[in-house]
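Turn these sequences into a full structure, and let the hints guide you.
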Amino acid sequence: MTPAPLNKKFWTPGVWVMLCFMIAGAITVIARFTGGIGYVSNLTNARPWGLWVGVDVATGVALAAGGFTTAALAHIFGRHAYESVTRPALLTAALGYTFVVLGLLVDIGRSWAIWKPMVYWNTNSVLFEVAMCVMVYLNVLYIEFFPIVAEQFKGRVNLPGPLAGLNGLAEVILSVGDAILSKIMWIFIILGVVLSCMHQSSLGSLMLVAPTKLHPLWYTPMLPLMFLLSAIAVGYPMVVFETTLATSSFKLDGEVKILSCLIRNTVFLLGLYMVLKVGDMAVRGTWTYLLDGTYQTNAFLVELVCGVILPWLLLLSPKIRQSRAGIFFAAALIVGGVVLNRINVFITGFSSPISDGSYFPSVGEFLVTFGLVATLMFIYRLAVTFLPVLPGAKEVNS
Amino acid sequence: MELDRRQFFKVMGAAGAFSAMLPSPGRAAWESKAPPDAFGCLVDLTRCVGCRKCEEACAQVNDLPAPERPGCQCTVFEDDRRPDHKAYTVVNRYFTGKKDSFDKPVPTFAKVQCMHCQDPACVSACIVGALTKDETGAVRYDASKCIGCRYCMVACPFEIPAYEYHDPIMPRVMKCTFCYDRIAKDGGLPGCATICPTEAIAFGKRKTLLSVAKKRIKDNPAVYLDHVYGEKEVGGTSWMYISSVPFQQVNLPALPETPSPRLSETIQHSLFSYLWSPIALFGLLGAIMFKHREDKDEANEKGGNP
Chain A
1 MTPAPLNKKF
11 WTPGVWVMLC
21 FMIAGAITVI
31 ARFTGGIGYV
41 SNLTNARPWG
51 LWVGVDVATG
61 VALAAGGFTT
71 AALAHIFGRH
81 AYESVTRPAL
91 LTAALGYTFV
101 VLGLLVDIGR
111 SWAIWKPMVY
121 WNTNSVLFEV
131 AMCVMVYLNV
141 LYIEFFPIVA
151 EQFKGRVNLP
161 GPLAGLNGLA
171 EVILSVGDAI
181 LSKIMWIFII
191 LGVVLSCMHQ
201 SSLGSLMLVA
211 PTKLHPLWYT
221 PMLPLMFLLS
231 AIAVGYPMVV
241 FETTLATSSF
251 KLDGEVKILS
261 CLIRNTVFLL
271 GLYMVLKVGD
281 MAVRGTWTYL
291 LDGTYQTNAF
301 LVELVCGVIL
311 PWLLLLSPKI
321 RQSRAGIFFA
331 AALIVGGVVL
341 NRINVFITGF
351 SSPISDGSYF
361 PSVGEFLVTF
371 GLVATLMFIY
381 RLAVTFLPVL
391 PGAKEVNS
Chain B
1 MELDRRQFFK
11 VMGAAGAFSA
21 MLPSPGRAAW
31 ESKAPPDAFG
41 CLVDLTRCVG
51 CRKCEEACAQ
61 VNDLPAPERP
71 GCQCTVFEDD
81 RRPDHKAYTV
91 VNRYFTGKKD
101 SFDKPVPTFA
111 KVQCMHCQDP
121 ACVSACIVGA
131 LTKDETGAVR
141 YDASKCIGCR
151 YCMVACPFEI
161 PAYEYHDPIM
171 PRVMKCTFCY
181 DRIAKDGGLP
191 GCATICPTEA
201 IAFGKRKTLL
211 SVAKKRIKDN
221 PAVYLDHVYG
231 EKEVGGTSWM
241 YISSVPFQQV
251 NLPALPETPS
261 PRLSETIQHS
271 LFSYLWSPIA
281 LFGLLGAIMF
291 KHREDKDEAN
301 EKGGNP
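In order, the protein sequence lines correspond to chains A and B. Be aware that the first sequence starts at 1, since it is given in our numbering, and climbs by one per residue. Be aware that the second sequence starts at 1, since it is given in our numbering, and climbs by one per residue.
Hints were generated in silico from the structure; no laboratory data involved. On a predicted model such as this, the values are computed, not experimentally measured, just so you know. Since no wrong hints were added, every one of them can be taken at face value.
For lysine-lysine, the following DSS-like pairs were computed, each having C-alpha atoms within a straight-line distance of at most 30 Å: (1) B/104 with B/53; (2) B/53 with B/215; (3) B/214 with B/33; (4) B/33 with B/185; (5) B/53 with B/232; (6) B/53 with B/98; (7) B/98 with B/218; (8) B/291 with A/257; (9) A/183 with B/296; (10) A/116 with B/86; (11) B/232 with B/218; (12) B/296 with A/257; (13) B/104 with B/218; (14) A/9 with A/251; (15) B/214 with B/98; (16) A/116 with B/33; (17) B/296 with A/154; (18) B/232 with B/214; (19) A/116 with B/145; (20) A/154 with A/183; (21) B/99 with B/215; (22) B/145 with B/86; (23) B/291 with A/183; (24) A/257 with A/8.
So, partial list: chain B residues that the calculated Cβ filter (under 7 Å) puts toward chain A: (25) 121; (26) 263; (27) 281; (28) 282; (29) 286.
Where a beta carbon is used, it is the ideal one built from N, C-alpha and C, also for glycine.
Structure, rendered in structure tokens:
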């Protein structure tokens, strides 16, 4: 079952809905770049990071973990059976990180200065390390994606109109690039995994510099390890989640067999995260907060029970692991749990010690975030329609 | 994807050489980077009368807009104000339950500004090093390096850095400069300290001020609480306070004595000095990849199916 471009109609009603969100997001972005961050957001001096950092950046990075976890499994640990899921996961990761950077461009005050960390280094800064890793990893992802583009267009480059003169050049770039990359791709595959481990964990270290601001249920020296383990644990569920969505939306074979094999790893990986999370709570004695009824504690409980323990228990059952709906439901819970965890660490669990830092994202913030997600989905659809990403041979007719 | 052993070791060798060339390793054990003989300010809350002259002087010296209702000493105190992008320092009034001999509540006034921590969280956090702690003790901000990530604001335990949220292109982080260009000169004082009519703000070497503070407390144990705020909070701050009312009641938060950057810097440097852990992980993964590739090749040869 080789990956192939989908032979489907592109403009469906769903795509039009995406387009509406994209336009609304674009208008908000224009407003942000004319009136400032304060014009469209509810961010304040007491609450400098909100939805954009918590969701667009932190959650985006976590959910793109499918890329490095499947690459590690299929290419490094030699489980070649999983190769069919590496391409969609790679596409999601490449798109995910691209949108992390786009989200950052909206969030940072001086978007035009985003290159400055390359020149001015502060090696004490956790954010500096995160930024460097994300920047290099984004390029690694593009390099890893290059052969997919080459496979589709090598030997049949046909640029429209006046660009036709560049056909020959594009051919050369595709074939030379492909030939070189096929020899050294292993470097980028390992590098991708290493860089991911570095910045996934460091995203957790970000809040360690503010011990008095993050709620003790989340503030632990183990935070980097928790971020790494949860990113690794969410990788395969994310692949299950998006593959199931994509295959049912495009009416393709759901690949239940391979996905249920893939999700078996999650029992162990999520279990590890669960043990660490519960163990950390026990060691630091923070369980005393659990029943105090504040919204922060409740958010923690939902995250732990619905996002970690419940899906872990579900996945213990072989019956659920073999059913398409079962693994989808469990995967969706895990993905939701990690999303909630990142939101909790960066938004819900954060409190300003002096002024009232209560915060709820503004409409403008939501519009930008929705707009970015819609654009991501739009490009995903564009890519799978015209590039060999999804395993397309076995189409289900309905 | 082709992969051969020689190529693998070539890359690993290059990575090792690269890591050896990298500048200074992180320290194994975390050390304070506080300047040895920093300046400081001592604020005596028992002396402050809430005249807000310091706000005015600060605005003047730093080219900021004049403070809101400058002459006012009543209605302006109705709100609990914070330093913001237009004011590096503000004075607030607190009623802490203290009463005078006629049973009337006695206000306590407290000036608030950047504390200029000895080991500032903002300096450690800043992605580009736009914030630095200089020899005078001032935490300085260089807008030309800033990218506007606002991590300094997340990191600050005193909630001090403010942001020009309504500037779309060139917003700056705004906070007290400790008038670094003034105090760097002989006899120079920060704007606020020059004007204070009650000498509630004393400027000098931090070490000297600390002994002054302790002497005042010792001489008037009935007046002062036995606590110099800023002596040990987050590892010490250049600005320090003494008071007759608990500090939390005047919005000076209770803080641990550990310098804020200690944990994150220790983790970062023990994991990433010389990039040893990423390189080790690269090597380990590379070895695993080889192992599986060889296994696969062997299997193919045995099956006679290349």
